[in-house]
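Keeping their order, the protein sequence lines are chains E and L.
Each residue of the first sequence is one higher than the one before, starting from 60 at the first, in my numbering.
Each residue of the second sequence is one higher than the one before, starting from 90 at the first, in my numbering.
In short, the hints are calculated from the structure, not lab data.
Do not rely on the hints blindly, as some may be mistaken.
What the hints assert, rightly or not - Simulated restraints, written as ranges between beta carbons of each label pair:
(1) E/F85 to L/I370: 38 to 48 Å
(2) L/N243 to E/G437: 34 to 44 Å
(3) E/G90 to L/R93: 40 to 50 Å
(4) E/D344 to L/A399: 43 to 53 Å
(5) E/D67 to L/K485: 33 to 43 Å
(6) L/L453 to E/G286: 54 to 64 Å
(7) L/G286 to E/G437: 51 to 61 Å
(8) L/Q441 to E/A434: 39 to 49 Å
(9) E/E435 to L/N243: 34 to 44 Å
Predicted model, so just to flag it, every value in this text is computed and none were measured.
Just so it is clear, CB atoms sit at the ideal spot from N, CA and C, and this is done for glycine as well.
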Amino acid sequence: MDFEPSDDQRLLVESVTRMLGDTYSFAQRKGYQALPEGYSPAVWAQFAEQGLLGLPFAEEYGGFGGTPQEVMLVMQAFGRVLVLEPFLPTVVLCGTALNVAGSADQKSALIPAIAEGSLKMAFAHSERQARYDLTDVITTAKRSGNGWVLDGSKTVVSHAEAADKLVVSARTGGDRHDADGITLFLVDAKAPGVAMRGYVSRDDSRAADISLSNVSVSDADVLGQVGKGLATIQRVVDAAIAATAGETVGAMEAMNEMTLEYSKTRVQFGQPIGTYQVVQHRMADMFMAQEQGRSMAILATMSVDNPDEAQRAHDMALAKVGIGQAGRYVSQSAVQMHGGIGMTEEYAVGHYFRRCMVIERLFGDPAYYLNKLAAEVG
Amino acid sequence: MDLRFTPEELAFREEVRAFIRDNLPADTRDRMKLGHPPRKEDTVRWQRILNAKGWGAYSWPKEWGGPGWTAIQKMIFLEENLMAPAPELLSFNITMLGPVLIQFGTDAQKSRFLPRAANLDDWWCQGFSEPGAGSDLASLKTAAKRDGDHYVVNGQKIWTSTAHNADWCFVLVRTDPNARKRQEGISFLLVDMKTPGITVRPIISIDGSHHLNEVFFDDVRVPVENRVHTENKGWDVAKYLLGNERTGIARLGKSRERVTAAVAMAKEVNFGGQPLIQDQIFRQRVAQLQVDMKALEITQYRVVSAYDKAKGAGKPDPLSSVLKVKGTELLQATTELAVDVSGPMATPIWAQELEALNEPDDMLEASSAGTGAYLMLRAASIYGGTNEIQKNILTKAVLGL
Numbered sequence: 060m061d062f063e064p065s066d067d068q069r070l071l072v073e074s075v076t077r078m079l080g081d082t083y084s085f086a087q088r089k090g091y092q093a094l095p096e097g098y099s100p101a102v103w104a105q106f107a108e109q110g111l112l113g114l115p116f117a118e119e120y121g122g123f124g125g126t127p128q129e130v131m132l133v134m135q136a137f138g139r140v141l142v143l144e145p146f147l148p149t150v151v152l153c154g155t156a157l158n159v160a161g162s163a164d165q166k167s168a169l170i171p172a173i174a175e176g177s178l179k180m181a182f183a184h185s186e187r188q189a190r191y192d193l194t195d196v197i198t199t200a201k202r203s204g205n206g207w208v209l210d211g212s213k214t215v216v217s218h219a220e221a222a223d224k225l226v227v228s229a230r231t232g233g234d235r236h237d238a239d240g241i242t243l244f245l246v247d248a249k250a251p252g253v254a255m256r257g258y259v260s261r262d263d264s265r266a267a268d269i270s271l272s273n274v275s276v277s278d279a280d281v282l283g284q285v286g287k288g289l290a291t292i293q294r295v296v297d298a299a300i301a302a303t304a305g306e307t308v309g310a311m312e313a314m315n316e317m318t319l320e321y322s323k324t325r326v327q328f329g330q331p332i333g334t335y336q337v338v339q340h341r342m343a344d345m346f347m348a349q350e351q352g353r354s355m356a357i358l359a360t361m362s363v364d365n366p367d368e369a370q371r372a373h374d375m376a377l378a379k380v381g382i383g384q385a386g387r388y389v390s391q392s393a394v395q396m397h398g399g400i401g402m403t404e405e406y407a408v409g410h411y412f413r414r415c416m417v418i419e420r421l422f423g424d425p426a427y428y429l430n431k432l433a434a435e436v437g
Numbered sequence: 090m091d092l093r094f095t096p097e098e099l100a101f102r103e104e105v106r107a108f109i110r111d112n113l114p115a116d117t118r119d120r121m122k123l124g125h126p127p128r129k130e131d132t133v134r135w136q137r138i139l140n141a142k143g144w145g146a147y148s149w150p151k152e153w154g155g156p157g158w159t160a161i162q163k164m165i166f167l168e169e170n171l172m173a174p175a176p177e178l179l180s181f182n183i184t185m186l187g188p189v190l191i192q193f194g195t196d197a198q199k200s201r202f203l204p205r206a207a208n209l210d211d212w213w214c215q216g217f218s219e220p221g222a223g224s225d226l227a228s229l230k231t232a233a234k235r236d237g238d239h240y241v242v243n244g245q246k247i248w249t250s251t252a253h254n255a256d257w258c259f260v261l262v263r264t265d266p267n268a269r270k271r272q273e274g275i276s277f278l279l280v281d282m283k284t285p286g287i288t289v290r291p292i293i294s295i296d297g298s299h300h301l302n303e304v305f306f307d308d309v310r311v312p313v314e315n316r317v318h319t320e321n322k323g324w325d326v327a328k329y330l331l332g333n334e335r336t337g338i339a340r341l342g343k344s345r346e347r348v349t350a351a352v353a354m355a356k357e358v359n360f361g362g363q364p365l366i367q368d369q370i371f372r373q374r375v376a377q378l379q380v381d382m383k384a385l386e387i388t389q390y391r392v393v394s395a396y397d398k399a400k401g402a403g404k405p406d407p408l409s410s411v412l413k414v415k416g417t418e419l420l421q422a423t424t425e426l427a428v429d430v431s432g433p434m435a436t437p438i439w440a441q442e443l444e445a446l447n448e449p450d451d452m453l454e455a456s457s458a459g460t461g462a463y464l465m466l467r468a469a470s471i472y473g474g475t476n477e478i479q480k481n482i483l484t485k486a487v488l489g490l
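Isolated chain E (complex conformation) (with noise of 0.2 Å):
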């Protein structure tokens, strides 16, 4: 065991530190979240320029070979300025899906593409009525002709108005809520039948709810194998997983030293708060969460790639549930440590919290992992 950093991966979090340094003020944040796009394409194209869009993938596609380490502390850098662009989408939940069950015809299509800032994708998987449960599909792809023809509607999917293509999961055989029948299909975001009701998110992002209608694609869109795209799913929310834990590192970091800071400066009856014990033991607390969600983040990047499944659905769950819990008592304990100004737009801490909010819900919340948990015991 060892949990310090290599040399590399102190280089690649000291650039890409240095880079949001000198692009992601909160200010400057602000301005991409009025851009039309509600991310900066700018930004976009230095990520491409330092090779963080292609840190997942092979070198053989243009990628920078890393492994979920980086990820995560890459994911980490984001959190602590809430980086706006498409990179979960587009390199993680995409880029794994490519990765797990692309062909080499499909991965040396679409990976450079993504590497060189070309290409965005978004993943269309989650349907209203499923909530949390990922075999709850009922979009669906018929055959037709050399190709397959999709109906159906996806809701909440982030940066869908700017992916170029999009990884949509439906149903080519069985029933609603079987394993088997569900296969992913590479369809192009401007293709006729799909259409896209956007919306501002919580966390300042962009996303859309995406309704498909008839809408064609060919035997060459079909990733991965038909009928078993769920084994490809999981595998992308695995990585989801492990990423946003990552980010919430950062956000915790973010609001720890926020209001580590405020304390100092904020002065009642005379002193700083910082100076009463009871704001002290709040803010060792919320050190002390953050400690313990640091621990889940890595623990989910140790088991992304676990390929004992059982042994990785457990670790994940244990994580994503610790991970979430340590985010909502640090964002909740910000805010309240700030007082009033915790509660305006116009200063940071909300959008760490509502950040927060929004990864907590993302592919299962706490509640949610913690019943599969329980399922296991005895």
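With chain E held as given, fit chain L onto it using these hints.
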């Protein structure tokens, strides 16, 4: 960064587990499985078995009879020992006195005391707290006046765990009442408990056990050669000792063992017409404990692995305070779980009358022992620096306030 155990570490865990399985005396194991604390003879016998194997002084360097393990190995050993469940190594001997003598002791002190401590030929206790000096340890008053080649000690210690079992006691005394700072007038003495003038008076804890004591010093003569480190520099020794005490303080294996026992009992007891194990609230509670134990486990490995990297040269890691707080919260939460599983059986006291019946009633005995552990472990957030003091430490060390 490598977040997995190495094959060597995995093999080491297997080796430790197998040794404990094959060598832990069955009567000790059976008692402890029921949730009883080890008796004095259980602890002594187990310490000697481990010491014969070369593992007794598990945290000491090879030069002084330790196995020379990495911090990760030490942690694996402690966890396996707790989960067995086997008696814990006597911390006064192994994690407190030993490292202190190795760091500060004279050669004569080392060769006289270390081998006997490792084999538990001497049972040590810790004379730190006083009626007026608990969390504020530096306000201690027990006085030692120089008289030729002796100190004459007068005063009172309290909360002295296992003093009634002890052959020796390491004691913090005030040797300079006029020191500019309170911390600067303290010395660290090794005191033979058979010395005339020492009186040990039991304090019965809320679990009914005799673990704690008051120790009175009435003109107790201690040879100057039994002072560790420089006169009036005992605070440095105490700080070093307390820093060392942190490493194994989470006692995570104990929490895990308690959850395993509670889950096993939950299969046997009825709750609304079905086994308690079927109850969703119970299952969620166990699941939540598993989450918290896993987070602590990884935090613990982060601390010890950083310690290995720094070759033990660094200052005590402030994360150690996280281990103390979260570890003791878990000890309390897991024993609370056990008490709740026991239901009404949690209330009878398993003592002479019931023991005398000589009819095995494991369910009742385990329930009673579980309650004992629950009551006793209310102390966990008090001893070793209360959890509130730990938060003060974090405030200073991490927040810089």
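Outcome of the hint check:
1. E/F85 to L/I370: 38 to 48 Å: 42 Å, holds
2. L/N243 to E/G437: 34 to 44 Å: The hinted range 34 to 44 Å is violated for L/N243 and E/G437, with Cβ atoms some 58 Å apart.
3. E/G90 to L/R93: 40 to 50 Å: 43 Å, holds
4. E/D344 to L/A399: 43 to 53 Å: 27 Å, violated
5. E/D67 to L/K485: 33 to 43 Å: 34 Å, holds
6. L/L453 to E/G286: 54 to 64 Å: 55 Å, holds
7. L/G286 to E/G437: 51 to 61 Å: 57 Å, holds
8. L/Q441 to E/A434: 39 to 49 Å: 44 Å, holds
9. E/E435 to L/N243: 34 to 44 Å: 59 Å, violated
Consistency note: the structure conflicts with the earlier hints numbered 2, 4, 9.
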